[in-house]
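Residue numbers (full-length UniProt numbering), protein chains in the order written: chain A, 1 to 699; chain B, 1 to 699.
Treat the hints as calculated values from the structure; they're not laboratory data. Keep in mind the model is a prediction, meaning the values are calculated, not measured. Worth double-checking, as some hints may not be accurate.
To be verified - Computed spacing ranges between beta-carbons, pair by pair:
(1) A/V454 to B/L685: 50 to 56 Å
(2) B/N357 to A/I663: 17 to 23 Å
(3) B/L340 to A/I268: 39 to 45 Å
(4) B/L423 to A/I663: 54 to 60 Å
(5) B/T149 to A/S241: 37 to 43 Å
(6) B/L659 to A/L682: 24 to 30 Å
(7) A/R506 to B/L659: 49 to 55 Å
(8) A/V352 to B/D665: 23 to 29 Å
(9) B/R671 to A/L651: 35 to 41 Å
(10) A/L499 to B/I658: 35 to 41 Å
(11) B/F655 to A/I663: 26 to 32 Å
(12) A/L499 to B/N357: 55 to 61 Å
(13) A/K198 to B/L685: 48 to 54 Å
(14) A/L651 to B/W435: 51 to 57 Å
To be verified - If you want the ones that stay clear, here's a sample from chain A, every Cβ over 10 Å from chain B, calculated:
(15) E225
(16) F232
(17) L245
(18) F297
(19) S355
(20) Y375
(21) Y408
(22) A599
(23) K631
(24) A638
(25) H650
(26) R676
(27) F679
(28) L682
(29) K686
As the list claims (entries may be wrong) - The calculated lysine to aspartate or glutamate pairs, modelled on DMTMM-like cross-linking and capped at a C-alpha distance of 25 Å, are:
(30) B/K686 to A/E330
(31) B/K212 to B/D537
(32) B/K586 to B/E610
(33) A/K326 to B/E330
(34) B/K327 to A/D473
In this text, a Cβ means the ideal position worked out from N, Cα and C, and glycines have one as well.
2 protein chains.
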Amino acid sequence: MHSLNYDRKELWDWISRTTLISVRTDTPHDAERNQNFTFCNSSRALPEPVNKFRPRTPRTHGAVRPPHSAPGAVAAEMEPSSGGGGSTFQPLVVLELASTAPEEAVGWLLSRLRERQQNGGAELLRLLYGAEESGLFKEYSDGSMRGFTCANKHKFKGFTGSGDGFLSMAECQYIIKHQLEALRAKDETHVPGYSQAKLYPGKSIIRRLQSKGILVQMFPLHDKEELKRLSFSWYQRVRLSLQPLDAIRHYFGEGQALYFGFLEYFTIALLPMAVLGMPYYLFDWENYDKYVLFAVFNLVWCTVLLEVWKRYSAALAYRWGTLSRKKAFEEPRPGFHGVLGLNPVTGREEPVFPSVNRQLRIYLVSLPFVLLCLYLSLYVMMIYFQLEGWALSVHDEGPTLWTEVLTYIPSVVYAVVIEAMNLAYRYAAEFLTEWENHRRESSYQNHLVLKVLVFNFFNCFASLFYIAFVMQDMLLLRQSLATLLITSQILNQLMEAFLPYWLQRRRNKKMIRKVLKRRAIEEKELPLAEQVRLEADMSTYLGTFDDYLELFLLFGYVSLFSCIYPLAAVLVVLNNITEVYSDAFKMCKLFKRPFADPAGNIGVWQLAFETISVIAVVTNCALIGLSPQVKVYFPESATQLILWTVTAEHLLLGFKFILAFLIPDVPKHIRVKLARIEFESLEALKKKKILEASKPDAE
Amino acid sequence: MHSLNYDRKELWDWISRTTLISVRTDTPHDAERNQNFTFCNSSRALPEPVNKFRPRTPRTHGAVRPPHSAPGAVAAEMEPSSGGGGSTFQPLVVLELASTAPEEAVGWLLSRLRERQQNGGAELLRLLYGAEESGLFKEYSDGSMRGFTCANKHKFKGFTGSGDGFLSMAECQYIIKHQLEALRAKDETHVPGYSQAKLYPGKSIIRRLQSKGILVQMFPLHDKEELKRLSFSWYQRVRLSLQPLDAIRHYFGEGQALYFGFLEYFTIALLPMAVLGMPYYLFDWENYDKYVLFAVFNLVWCTVLLEVWKRYSAALAYRWGTLSRKKAFEEPRPGFHGVLGLNPVTGREEPVFPSVNRQLRIYLVSLPFVLLCLYLSLYVMMIYFQLEGWALSVHDEGPTLWTEVLTYIPSVVYAVVIEAMNLAYRYAAEFLTEWENHRRESSYQNHLVLKVLVFNFFNCFASLFYIAFVMQDMLLLRQSLATLLITSQILNQLMEAFLPYWLQRRRNKKMIRKVLKRRAIEEKELPLAEQVRLEADMSTYLGTFDDYLELFLLFGYVSLFSCIYPLAAVLVVLNNITEVYSDAFKMCKLFKRPFADPAGNIGVWQLAFETISVIAVVTNCALIGLSPQVKVYFPESATQLILWTVTAEHLLLGFKFILAFLIPDVPKHIRVKLARIEFESLEALKKKKILEASKPDAE
């Protein structure tokens with residue numbers, strides 16, 4: 001799209017270049033009859049498969065012939081067919097092609113999409129086979145979760161008749177994405193019409209189209225009805241019940257649902273802290289030294305919290321069928337580049353980049369850069385302390401209301417600077433990690449997360465550590481903690497929800513005004529095109545990274561220092577509650593629907609939270625050692641106090657590891673179910689082999 | 001066997017009750033023709049399969065008819081067949097039945113052994129199918145290690161013609177054991193002739209026979225020729241080369257070979273320590289405070305050592321085909337008992353024991369018992385220190401040669417007492433773990449290892465910790481370490497090799513004298529019976545537990561305190577070298593051949609050694625903090641010194657964990673190979689599904 005200026009011609013042109021893919025869950029038997037790739041109607045009211053693309057085009061279609069010659073080939077296929085009610089067409093996935101894409105390229109892509117899978121085509125129609133191939137887990141008739149296979153599809157719960165309604169819309173969209181990405185070049189050397197978009201046998205076509213900008217974007221469409229129901233039960237009324245996690249998973253996929261599950265779990269787990277913290281805060285504000293009990297509680301809480309989450313998360317993932325789902329072999333990520341060579345694992349031709357080069361880049365460039373940033377962060381922190389000292393001295397010289405306000409300014413400014421530095425560093429980290437040229441997406445993600453986490457942790461907590469353990473000023477620590485926590489919460493909520501909301505609203509208003517104008521002209525036509533147009537313009541949801549990062553930092557504030565400022569837990573609980581609503585709103589209203597991500601756990605974040613909880617043992621023990629309460633017991637010897645503190649810390653760390661070791665990560669009833677499935681498959685294999693072995697006897 | 005008194009009658013009787021099982025690696029095709037279970041000749045000189053049992057019985061067999069009526073049924077089948085040279089019969093596995101076993105039971109067992117597998121029999125002949133079933137990995141034609149399957153047996157290296165010589169003797173023995181243990185009861189309610197030996201469908205027959213004492217033992221036989229070659233290249237000549245690990249694995253299996261590999265690796269890894277330690281010891285004996293450098297070296301060494309071992313071990317296990325071998329579903333261990341119920345995983349009937357009861361036994365009985373033993377050990381330690389103090393005071397009052405000797409006596413006595421306590425505790429731990437009634441052997445082993453490790457560690461090192469950190473007497477620490485190390489080494493070598501050797505020799509001499517006497521009478525007959533008889537009388541090798549435990553304690557002495565006594569590494573190296581020879585001798589000469597154990601790593605010991613290396617960071621940092629060298633830098637403030645030490649320790653621990661995280665556990669070239677196999681199997685599955693999917697089209 002090169003223009004947002006809607007006149008009828010351009011709109012039609014735009015639709016012709018936005019390939020709408022919709023697939024009906026046909027039975028494989030039906031599917032096999034339709035040899036050609038077809039775009040079918042997913043409406044349950046009109047089950048008969050309809051060949052060819054049939055978007056809800058203006059009924060006065062004679063008037064909207066494609067104006068250019070280039071997209072003619074596509075447009076021709078988009079003529080509405082005579083049979084079936086066009087108004088019920090429900091697209092699933094939208095592929096938006098660049099407006100400069102020449103006819104050849106578009107035609108070639110469509111023909112490749114239509115081919116049978118044996119010839120390398122995506123064969124979208126056979127969704128059930130796609131479900132099997134992408135390793136989807138569904139509930140079996142005995143209540144266990146098993147990998148779906150077409151061979152015994154009738155043994156899965158909810159599979160009736162032709163299997164209509166067996167797969168949810170999100171699952172269909174995931175399968176289509178999986179199939180599209182598996183669409184590989186055969187002997188084409190380049191995309192027809194784009195001599196610079198090189199291809200080689202086995203290269204994913206969609207990825208090349210994306211990297212060359214021919215495919216602008218590919219996104220699944222929202223289901224207005226379902227979304228309405230979901231958002232009503234999720235955030236549109238104030239309630240005391242839990243989030244509808246299963247419905248969230250059903251609509252957005254497992255990765256999203258796990259995030260919201262974790263957010264909710266974290267909030268509930270914080271409640272005891274908040275309840276305990278309130279009286280501490282209300283009655284002991286000045287006795288800031290009475291925090292030993294609170295610190296001990298903190299320690300136990302952190303360890304148990306994360307271990308229990310692991311079990312809860314395993315239970316959720318089992319219910320959603322992602323716990324024992326096997327990861328497919330990972331393809332090179334879109335940004336990966338290198339000399340064309342042979343992959344030692346697959347034996348296929350693909351770009352190869354020596355891992356020595358990558359290691360060199362990591363250790364000689366990225367690592368020094370991160371260290372430099374950490375140093376810079378320290379430097380900024382020292383400036384903050386100087387400013388703070390200066391403000392305090394001004395206030396001490398002649399205290400007025402203005403100097404009182406002045407003493408708070410450095411903290412607020414520092415909090416804002418921290419957020420700004422985090423943001424800037426984030427871009428640098430993304431650039432560097434991209435440049436490290438990781439082959440797999442997971443490796444890229446891990447390196448990015450590590451870089452960002454280390455810096456954010458350091459940046460946010462360095463000043464607190466400095467105040468706690470170098471300056472040993474508990475009053476200042478409490479004040480800084482409060483300022484940092486409140487400022488960062490306010491900033492986050494602003495940046496995360498209100499800003500995008502405001503931008504989106506402005507954009508929508510503009511669009512709606514135009515649409516209304518056009519509707520007036522065209523007599524309320526084109527609702528599908530409008531929906532697609534609106535959703536294509538929505539921002540893309542970039543994954544749960546930032547959401548988890550925010551939780552990570554909040555967890556840090558609470559577990560590392562909250563014994564100093566017991567109100568922290570209360571603030572975090574309040575923040576989390578608004579976070580649930582704003583995140584839910586964001587997911588439903590502000591962003592394009594994301595493709596479902598079949599995650600089995602929260603991944604590297606579990607490790608990150610556990611690391612924090614280990615560091616929390618150290619800081620809490622140190623804070624206890626510094627507390628006047630404990631110092632009373634060692635009136636003469638500071639050495640004795642330190643030795644006792646260190647010993648206690650080591651014992652606690654040891655106890656923590658033993659506890660983590662003793663609590664099984666997966667609840668017993670799920671372990672039994674998993675073991676049963678494994679046992680059954682082993683037995684089946686054995687039986688099969690015995691049968692095979694006995695066959696020659698029969699002959 | 002109720003008697004060792006050999007006359008011809010009794011010997012014959014004994015043989016008739018010692019079922020000798022020997023299997024030839026027939027091709028499956030041959031095997032399928034022989035529907036009945038057969039005992040075949042493994043001699044390559046006489047390849048034709050010979051039905052029925054044919055031990056090398058006295059040629060004057062007419063004279064040695066079975067004297068009792070009971071074993072008649074078995075004896076009848078043991079009549080030497082007329083064809084083939086009986087002298088080349090080479091048995092693989094010996095089942096020794098109790099001499100009281102009634103005819104019915106023996107006959108039933110033999111008939112069950114002969115049945116086809118479909119009917120529940122063990123079908124020993126089809127070793128290749130057994131190899132596939134037990135998940136054996138062999139080298140594929142492309143050099144990778146893959147699970148053996150009969151379907152593409154010809155693609156495996158070394159498979160020629162009928163597959164003769166494809167499986168090693170140890171592999172055959174392992175497969176036979178696997179098959180014997182998989183022999184299950186059908187609808188028998190008890191072993192025929194033994195109404196108290198209850199059976200139920202699915203119960204392992206061999207295990208019930210073992211637990212009721214009907215099957216006295218089951219062991220594989222040595223191969224005299226191979227053993228001769230192995231022992232020559234292994235320990236019968238002094239050499240500078242490494243151990244023949246592949247040959248050890250070939251003969252004894254992977255578990256043994258990994259132990260010897262670890263022993264060798266550990267010895268070589270200690271060499272730099274020993275080389276560095278010598279000058280420290282020779283030139284700085286009195287300057288015992290110059291150990292900071294040594295301690296730092298220690299720390300780095302410990303971490304790197306274990307990480308590199310993990311990679312080396314993975315490489316070994318990959319080469320031997322045990323790295324990616326899947327564990328089969330574990331059967332209840334022989335000692336497990338409970339009410340007959342349904343196993344939730346298999347759905348089979350088997351004894352069930354509520355895990356709550358087990359947890360109660362563990363936490364209410366075993367844990368308090370262990371704690372009590374630890375307290376006892378502390379008590380003994382305090383007595384030792386009192387004795388030591390008394391001896392020193394006697395020596396100080398009137399120093400003579402005798403009082404000089406007297407000062408050493410408490411240490412030596414304490415070292416002996418420690419060994420005795422370890423031994424006594426070991427029996428108690430075995431009893432308790434047995435009583436905890438673990439269902440799986442692996443769980444039993446883990447609990448036993450944990451109990452024994454904690455106590456041995458505490459018992460051996462408590463006094464050293466007390467001296468180092470409570471008394472802070474580095475001179476005494478050095479002396480105690482030397483005494484403990486040397487005494488325990490001498491005791492260990494005595495208990496482990498010389499005592500069994502001496503006992504064995506006495507027994508063998510007696511036997512050989514008898515055999516010679518009989519030979520004179522029988523004109524040098526019965527060499528096979530003699531071999532079986534001799535080996536049946538040898539001690540049973542009880543696994544690598546004690547060997548690893550010894551290494552664990554030595555590793556503890558070296559890594560925890562060796563900076564105080566640099567000669568420790570030298571002593572351990574010397575000990576390890578003799579250990580290689582004595583262990584090798586023990587394995588080859590003193591023990592029955594053990595069944596191969598297809599281990600992929602050193603299991604729980606890796607964790608144990610890593611725990612020690614974490615504790616080593618703590619002790620070494622503390623020792624550095626206590627060193628006069630470091631104290632010089634903090635002349636005024638002990639607090640500062642401690643804080644710096646603690647900070648350094650935390651950084652080192654953090655660094656250690658990061659290092660362990662960064663170094664991949666499996667070398668890259670092996671990861672690539674494993675990924676390739678997984679990728680290929682995924683692709684094959686996909687291809688198969690596409691083929692299946694396209695079939696209906698063809699119809």
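| query | Is it true that A/R506 and B/L659 lie within 49 to 55 Å of each other by Cβ? | reply | holds (52 Å)
| Nearest-CB test (10 Å) between chain B and A/H650 | Not fine: 7 Å to the nearest Cβ puts A/H650 too close to chain B.
| request: Could you say whether the range 26 to 32 Å given as a hint is met by the Cβ separation of B/F655 and A/I663? | output: Once the Cβ atoms are compared, 27 Å apart, the range 26 to 32 Å for A/I663 and B/F655 holds.
| Taken at face value, is the distance from the CA of B/E330 to the CA of A/K326 at most 25 Å? | holds (23 Å)
| request: May I ask you to test the hint 35 to 41 Å on the CB atoms belonging to B/R671 and A/L651? | output: Once the Cβ atoms are compared, 38 Å apart, the range 35 to 41 Å for A/L651 and B/R671 holds.
| message | Is 23 to 29 Å respected by the C-beta to C-beta distance linking A/V352 and B/D665? | response | Holds, at about 24 Å.
| When you check the alpha-carbon spacing of B/K686 and A/E330, does it fall within 25 Å? | holds (15 Å)
| request: Taking the shortest Cβ-to-Cβ distance between A/L682 and chain B, state whether it exceeds 10 Å. | output: Nearest chain B Cβ is 6 Å from A/L682, so the label is violated.
| Under the criterion that the straight-line Cα-Cα distance not exceed 25 Å, is the pair B/K586, B/E610 satisfied? | Given pair B/K586, B/E610 is violated - Cα atoms ~28 Å apart, limit 25 Å.
| request: Decide, holds or violated, for the assertion that all CB atoms of chain B are farther than 10 Å from the CB of A/S355. | output: Non-interface label on A/S355 violated, nearest chain B Cβ at 8 Å vs cutoff 10 Å.
| request: For A/L651 and B/W435, compare the CB-CB distance with the range 51 to 57 Å and indicate the outcome. | output: Violated, since A/L651 and B/W435 (Cβ atoms, about 30 Å apart) do not stay within the stated range.
| Least C-beta distance from A/L245 to chain B larger than 10 Å | Non-interface label stands for A/L245: nearest chain B Cβ at 27 Å, farther than 10 Å.
Of the hints listed earlier, those the structure fails to meet are numbers 1, 4, 5, 6, 13, 14, 19, 24, 25, 26, 27, 28, 29, 32, 34, in rising order.
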